[in-house]
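Assemble the dimeric complex from its two separately framed chains, guided by the hints.
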Amino acid sequence: MQGGSSGIGYGLKYQARCISDVKADKDHTSFLTGTLSLKEENEVHLLRLSSGGSELLCEGLFSHPNEIWDLASCPFDQRIFSTVFSTGDSFGAAVWQIPEPYGQSNSSTLECVASLDAHVGKINCVLWCPSGKSDKLISMDEQNLVLWSLDSSKQSAEVLYKESAGMRHSLSGGAWNPHDLNSVAATSESSIQFWDLRTMKKVNSIERAHVRNVNYNLKREHILVSADDESGIHIWDLRKAKVPVQELPGHTHWTWAVRCNPEYEELILSVGTDSAVNLWFASASSEKKTSESLVEASRLRVNPLLNSYTDYEDSVYGLAWSSREPWIFASLSYDGRVVIESVKPFLPRR
Amino acid sequence: MATEAAPMDEKAKRMRDLLSSFYAPDPSISTSGSSISASFDNINSTSFDADQYMDLMIKKSNLEVLLQRHVQMAAEIKNLDTDLQMLVYENYNKFISATDTIKRMKSNIFGMEGNMDQLLQKIMSVQSRSDGVNTSLFEKREHIEKLHRTRNLLRKVQFIYDLPARLQKCIKSETYGDAVRFYIGAMPILKVYGDTSFQDCRRASEEAIEIIIKNLQTKLFSDSESIQARAEAAVLLKQLDVPVDSLKDKLLEKLEQSLDGLQIKPEEASLLAEQNDSSNDAESNEQHPAKIHEDAVRGFSEAMRAYREIFPDSEERLFKLARALTAMHFENMDLYIRKRVSAADFLRIFRIIWEDVVLMDEVLPEAELSDLSAEAAQVTVKKFVARTFSHLEQDISDTILKFDINQKEAVEEEVLKVVLEASKKAGLQGTTDIFQDFRQLLDENIGIFVKMKDLIIGWIQNGFQDFFRSLEAQFLVLSGKTSSSKEIEGGLVEGKSSDKIHAGLILVLAQLSVFVEQKVIPRVSEEIAASFSGGNSQAFENGPAFIPGELCRVFHAASEKLLQHYIDTRTQKISVLLRKRFKTPNWVKHKEPREVHMYVDMFLHELEEVGKEVKQVLPQGTFRKHKRTDSNGSNTTTSSRSNTLHNDKMTRSNSQRARSQLFETHLAKLFKQKVEIFTKVEFTQESVVTTTVKLCLKSLQEYVRLQTFNRSGFQQIQLDIQFLKAPLKETVEDEAAIDFLLDEVIVAASERCLDVIPLEPPILDKLIQAKLAKSKEHNNNNNTVSS
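From first to last, the protein sequence lines stand for chains U and B.
Our numbering puts the first residue of the first sequence at 1, with every later residue one more than the last.
Our numbering puts the first residue of the second sequence at 1, with every later residue one more than the last.
One chain only, chain B, in its complex shape (with noise of 0.2 angstroms):
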């Protein structure tokens, strides 16, 4: 089976090989495959040549098989001719069914003509009773037609009858967008036949129609009509031809009167503000004031878009519009916050001003109010944080100031303490509730705020950092110090602040300044960098925005300043008391000393003034134990070498021997350590008394060698000085300079003295004694007295 299969697929495969030949236009291509591998021995190539076969076959091959060879080669052959038989039988078959399908088909048409021709005929019937129909039918359908057309007309007529009527009954309804339809509709007829036929008709809607105008007009400018109607009112007319142009601009002059009353006014913001915030309760019963401006912005926006629609070249005048009511806004809440206001209130009006913006907005997005408003905020924002420092500015120096006032008056008991704490508190409490503020603006999440936060933050640090610098120019001004520069240009305000400063307040700004050195500037700067850094990138690029270490520096010196401000104004109290003293006696003709002078008690009474003053105000100093050993350990051997100096100098005789004394207070210098006299004032109550002390000792010192005594002046001063030491080595911490000074004085008392003889030890104990019992008494009056 398997033999006869190869033989019967070999077969076949050549059949359509032959067949493909003989079907493909280009034998080559078809034969390529084969032609490369047998061009010679292959006999079904085109260019098989059958005697160079032979040749090949008789060369190669035996006689075996080349018999074998013909044998296959004739079974080939028979093969193939009766295939060749098979296809043409096939063909001339189907050749003769062809035949027999169109012989068929020729007796099929046969007889068909006959049908057609009686098909026209009836067809031709059908045409000739239908037209019979139609004109026996036309006549009838001509009345109806015009029976139609006239009834159409007297409707029409009928119509413009009633049109005057029914514009009335229009009037009447108010339903003037009916009215106004009827008689544009009216209006192709009335036009033709308006001179003739239906002249009292045409005349009496036009009286009609006047009236509507006139309606739609006083509608139109009436305030009380919604704005929605009277944009109906202006369509209508418009609808009606009445010129337009000059309704438009006296609608948008309403428009803009209109305004006037959107206006968040500066004295009714604050009501808006407040009764925002009661809404809760009287919500439903009331509308409040914000409600109400809402909704007006609203009707505001609606209209305008109306307009929009209607008058569409008026855009340029209602952007316009609405950037001036966007301006309004902005202005007004300058106003607003030229008083003081709080940040949730600014807020609240800004949210309203905002909102406003939003739709008006909507309604014009061309009008680009966003970005105007934004540029607007952004400056009212800046203001606003500005005023807010500038507030507690005003503040901090009104607490200062206010209990000045009653300083002059009152008994001056804790007076500046509490000037110092209120103060204190003013400082502190403003920082925190700027803090708080100023947190509120950037929780904010009305969008342009988000925009602005960086801003925002720049503008806050600026204004820490301006705020300290003008809060120390504010304290150096308040002391006085700085008056004479600053308030000239002011004019007149100078005479009354330099003279009039209390020192005791000079004091309170100096404590105040180290106050706001050590606390309140490192809070604000923890504050900041909690809170408020970034936006650093817009602030750097201004100008360097919050530095605390500069800050402080600049605290730091105005608090030294003011603290020897104080001192100075304090000493020079003292030393004009000083100056009478000595200016007034004629030294040289002074006569025995017989008490203790007057100006020593003021001066120790100034001094007591300086001790109470800075007991309420600065820290006691905590090493002042320290100090007295120090002293003791270097100085008092000095200041006792001095008197032991001095005393050898009083017990002498009184022989001339100025110059050996003279000699031996340059010799005593020599070997004493130059005492310092003009040490750097600390911020406690001894260091600042202990100086007052000394630069008056110096004073009174340099008094005395302007003066010249003789014997009872210069005893005088001893007595004076004498009574001095007691008291003055209670108050003050550096009793080795003190010491020095007293010596110093009656040094110099002794070299102006013509004849030195001081007083005898126990004259100078018993008239010391005296003046003390005299004090004593002085104040026990003054006790029984109060008592």
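Extracted from the complex, chain U is given alone in its bound form (with noise of 0.2 angstroms):
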């Protein structure tokens, strides 16, 4: 829309609010996303960036029954994502596949997979294992944890686990730690939790309160990061989890949500409602604690934020990584707008 942006954009028909990195599809750079419009016919875009990385081309367009709160694709079959949607006065999640072929643009319907219907109340996201193989999947509900075994042959998805985290923690999100299969960081209204598969426990919290967002670092163990709406972006070390390790001021309004790049470990991403997408270097590492990188760490610290991309309309509340070309990421604003940019100018030097 105006001439100062390098990202490439793409326009969706009505608002939205997720967008999801086609991790399974190693030979392009694919993302998809989902529109939230509580009216119209609803629909899953796929998009995949062009050999050149110059244009965004829509790849497949698919008809969603409901609006979209929420949409994860399968780490290992690229055809496969899930959502979580809503009629507007009841939630809904379900596993979705592709139909085939999906060269053609002209909308189609989808496969349903398996409907996640265990739940009764507002759901907030599903989570995809994070090995890339496993059929695990999770969904969280505001009060509920239920942890899935998906069978795509049989089209079915059968329940595993179901915990209740109790009335008074509403759930909010979560992140599946992918150094850690069994564990999973659940936000909720005043702490971070963290979950034990095996035993469906709690095993451990963060006392910090409206975490919106959390997300594991790929590449450093032990390294969450969180997004609140009051205080910006904190970075976590799981194993002396008291205090932050880093404190990024976040953004102007709230900061919607955080990605950690999952190639280069110092680059953090967030969005947030004041219509910017932040570009942020956080060398912190509790591994060394050398005088040398704390100094360099404390010279950093004066300007985390590598950059800031301010070229929205509306508040941002979709952002991916792709995991092919790491230094590419999609970021959606509300009113549809998928912006790719490339962060190479802010790369860290190697």
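The hints are simulated quantities; they were obtained by calculation from the structure and are not laboratory data.
Hints are not guaranteed to be accurate.
What the hints assert, rightly or not - When the alpha-carbon atoms are kept at most 30 angstroms apart in a straight line, the in silico DSBU-like pairs for lysine-lysine are as follows: (1) K122(U) with K589(B); (2) K583(B) with K242(U); (3) K771(B) with K580(B).
So, in structure tokens, the structure goes:
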């Protein structure tokens, strides 16, 4: 829309909140996004970055029965993804399969692989097991945590465990630990909770109110990044979770989501309701506390903000790094605009 | 006459020449001058050749000249002859007179021998007479001498017999010095005859001496005696061959113990300084402690001087003692300044110490006390400077916190203002006081201070730098902003600090930072430039000294950070309110709106509070008017456009038209100038309030977006927002942005609504009026209750 934009844009028809990297697509840099429209026919768009990286093409357009509040691509099958949707007064979650062939851009219907229908309340998110092979899923509503086993061939999903977090903790989202597949972090009103999937028990928690989003650092074990409304972004070392390792100022208004780069451990992206995407450089490491690195850290702490992409018209809710080309990320603002940007100029020298 | 004189002269000259040639040992030298000029024709020369001369004359001259020459020559020869004759005669005369003299002498000596013989005889007779007298008196003299010796002996014996009694007397009169002298005088005799004749005597005197020794020792170790007297006693003991080393040890121990008395104990120090103050009126009557102390030290140094002379080998130990005393002084000083001490008191104590050191230094110059104390003084002064700064910091934060406590209970009228003013004053006054103190330090002309002047200036500059830095940190900690990073190390404090911090306090801190940046730092830098410049050489080596620019930056950043923090805490509070509002009801099954919801009141109340706080602390924006016209110029059109758009939307039928609606909003946004919601916050009342309102409305919008509404739910939101419009516009600077945001909320609600049918304007009006009436009534009630 504006000349200064370096990113590649793509407009959805309706408002939208969620975008997901298609991790299983090894040949292309693809993203899945779904619209959020209460009254219209909602759509799921499969977007693919052209080989030159200059265009964003719509590779598939599928109608989705309800407005999509969360969308996650299956890490091992590029055709499978999950959504959380709302009919207005009730929520549902399902796993979908993109029909074959999906080359045409005309709207075609999705095949429902399984309906994750063990919930009553407001469903927040569906998490895929980050191992990339396992067929485990977790779905979360405000009170419950449900672990599913997906059998895509039989087109069914089975509840393995269901555990209530209790009425008082209204869960709002979560992240599956990529370093420890038995651990899941869930955000609730007053804390970040850590669940052990073997026992389905809460094992640990970080007291922190109004955390909106958490994300594990894929490269560095024990490092978790959280975003909250009030005081921006915090980086935690889970081994000493009392105090954040580092604080980043976040956004002028709420910080909606944070994502650690899958390849460059220091890079963190955040999106916020101030219509901006911020790229941070967080060097804080709890492992090496040599004076040198501290000095460096203090130097960098002067301005950890590498860049702020402000070319958005509305609040930005959707954010995803490409796992195939880790310097590329997709962001989605509420007005349905997908913007692909490259952070290449800010990559740390190795 | 003249013609006669000339030949006479010539003659005399020749005579002289001749004589000199005769007497001169080397004729060549004496005649060298003339021989060159007239080698041949000079008749006086030794190389004169008569024949040659003749030949030359004959050849050169005519007859007349020759004749003339002949005559002249003949005359000269005659002259010479008479001269020689005269000389011979004169010599002869002299010889004759000499012979006569000799002859006379010979006749005079004759007859002297007889006299000499006579003299010899007489002398012989005198000698024999004197021998006779001598022999006749010899016996008597022997006798006298013997008597004299006996008498001496008797006197000594008498002395020794008297010795015990005398010693006793001495003991009685305590003139131990005399006693020792007597005893030592009698020692040789007692040693020789003590075992035989004077046994009793010796025993008695030894007993007496024992007593004396004992007395002396007790005197030596008694505290009541003056150190001088004890030193004398030590000398006497030493003379009495009492083992001195142990004595010395004991004595030095005593001296060491007396150090305790010389200490300036921290508790007494203030007394010392104080009384020194009032010494003017009570000078004569009472010895004030400072004087006592001075006397004590004087005594101490006197004793040291005495000991040094008595025990030359004890120097090391004395050095050690003196050093110990100095070190102790400075240690006590250190303790003393741990409490709050004014520079005047500090200097007073310091002066006393310095005097002590000087006193001791006079006695023991080798102990290098001045060096030692110079070092210690440096450390102490440095500490003093550092402490002064930390006290100031403490003062300021105390001022802030003191009021904070009251604040929680008391009516919040102007408390923030009071806090701000008080802490401003504390800051300014504190720095002024500090400057006064330091000026005193610099003006002090004790030698050591003069030496340290540069250092002190460096410390002060550094001190200010550090002070401001830590003040900034302190502000951040007080505001709870950095509690997580700093106080964790302290441990348990964290929980207490972060939650309970009053938002107003943060605002005060923010404004205070601005004050520090704009007033205090420039002032301090002026002061430093005026009276504390110089001494930079030292300071710059060790690191940067006072850099006002950097500090201003730091405080500027801090003030912005704090202001932001204030807004954050405020909006957080409201955000919690809104969150509750939107989480609790089921919006899809909302009932028809009957009245404006409670949360609006609470929201407005919070804003009011913000307004109150801001009014107390921050200055009013001076260009408010401008802003308004500005925004009117550029933005009202847009807002009115969105309004008309909105109204269009509202008046339309409730058919399915969400798509076009969305399209319209998009379109509207396309044409609309992007309203800057998140502008930079300024230090004005309006700016802060506006920012707070903006952030809250944005939150409201986001909360709305997360819900799904039924018709009634939407209408409720519509009603609430409509109600908010008027009071918000009153409080806020940037009306356009507020309009925009309020509209955005309604748009968001309509987007999230299943069945968009807005309330009819009359109903809306009616409900709002009802609410207004109710709140008015409520207020009235409150007023009546309070009055």
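Query - Straight-line alpha-carbon gap K122(U) to K589(B), limit 30 angstroms - result: holds, 15 angstroms
Query raised in the report: Is K771(B) close enough to K580(B), meaning Cα to Cα at most 30 angstroms?
Result: The hint holds at about 22 angstroms.
Query raised in the report: If you draw a straight line from the CA of K583(B) to the CA of K242(U), is it 30 angstroms or shorter?
Result: Cα-Cα ~28 angstroms, so holds.
Checked against the numbered hints above, the structure breaks none of them.
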